[in-house]
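Q: Given next are the chains, with one letter for each unit.
There are 2 protein chains.
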Amino acid sequence: MQEHEKIFENFLKIKDLKLTKPRKIILNTVFATHEHFSVDELYDQIRKKHKDVSRATIYRTIPLLVESDLIKQSLRCLAKDHYEHTYGHDRHFHLICEKCGKIIEVESKKAENILNKLAKIHNFDIKEYNVGAKGICKNCRKKI
Amino acid sequence: MQEHEKIFENFLKIKDLKLTKPRKIILNTVFATHEHFSVDELYDQIRKKHKDVSRATIYRTIPLLVESDLIKQSLRCLAKDHYEHTYGHDRHFHLICEKCGKIIEVESKKAENILNKLAKIHNFDIKEYNVGAKGICKNCRKKI
DNA sequence: AACTAATTGCAAATAATTCTCAATCGCATT
DNA sequence: AATGCGATTGAGAATTATTTGCAATTAGTT
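Line order of the protein sequences matches chains A and B. So the mapping is simple: the numbering used here equals the position in the first sequence, first residue as 1, plus 461. So the mapping is simple: the numbering used here equals the position in the second sequence, first residue as 1, plus 461.
Hints are all accurate, no fakes.
Note that identical chains are pooled: a pair holds if it fits in a single copy or bridges any two copies.
Computed cross-link-like contacts, DSS-like style, restricted to lysine-lysine with a CA-CA straight-line distance of at most 25 Å:
#, residue 1, residue 2
1, 588, 571
2, 482, 533
3, 533, 509
4, 595, 541
5, 533, 563
6, 595, 476
7, 541, 588
8, 595, 570
9, 599, 578
10, 541, 560
11, 533, 479
12, 570, 588
Source of the hints: derived by calculation from the structure; they are not laboratory data.
Take these sequences, add in the hints, and give me the full structure.
A: This is the structure in structure tokens:
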């Protein structure tokens, strides 16, 4: 069993919830790639292999994955909610191109440290960052 | 006429659009306070004084205000879209309390500089930032 | 005042998400 | 392996936020 499955199972057990087949499928699909995904994209991805997982179950499972710290909401600049699995990955920021939709991920301990300091000044306990920027990427700027 | 009205009128003229009564009411309500607002909140606020502005018109006017750089979308951590007027205000980040909903605004040239540098490395041209964090504020942490 | 294109409010349409509920499943205990 | 019971599921209805089509109205120009 993979690490993320163990973590999820454990999380569920503590809450007296069960690691069911649909939940397993959803979890493993999420961890099969490192793409960001909307609920619809995840649904389509799952449906390729499994005809028996409903949208409702995906909507019900995502909050559990978020609560267990396996995934986080991200790309909040976009219209629909998007998520990504974050377990095992460093915190990163997103640069989202308005023209082509490309997403550039950048890491920065420095930026993170500053944000943490700002929070500390206000005595604020940060649970989740939400950092992103919309703009135009290198390639698309060339085309103008 | 106030500065923001002039800017908006000018913006509209260039696009061959008209500064109508409903648009004026929406603009001035937005600039009457420095609160963040959802469409619904704005609608309620407007309705207190003007019974003749519809939701549809608000939905149609907001993109114009965004395009003319008078307001920006903000607080993307929340379920509904929120906006704030930004004309005449420095860029700032938000700390949003998950318990009580309180919003703390913090400014930081330092954080801004770092994000700009990161963008530069990737040759990315940032149009709009979207920086914030969810967590627990000072008061709510006391209560636990 | 007349003209013309932009704008409006309304109500219907769409889109995303949540809810309801009867049928089923997972797991602990026989 | 059968039983019992609460958790879970899928399907579709319901809800919420937003967008759209359209006939009537309005702003700004001639």
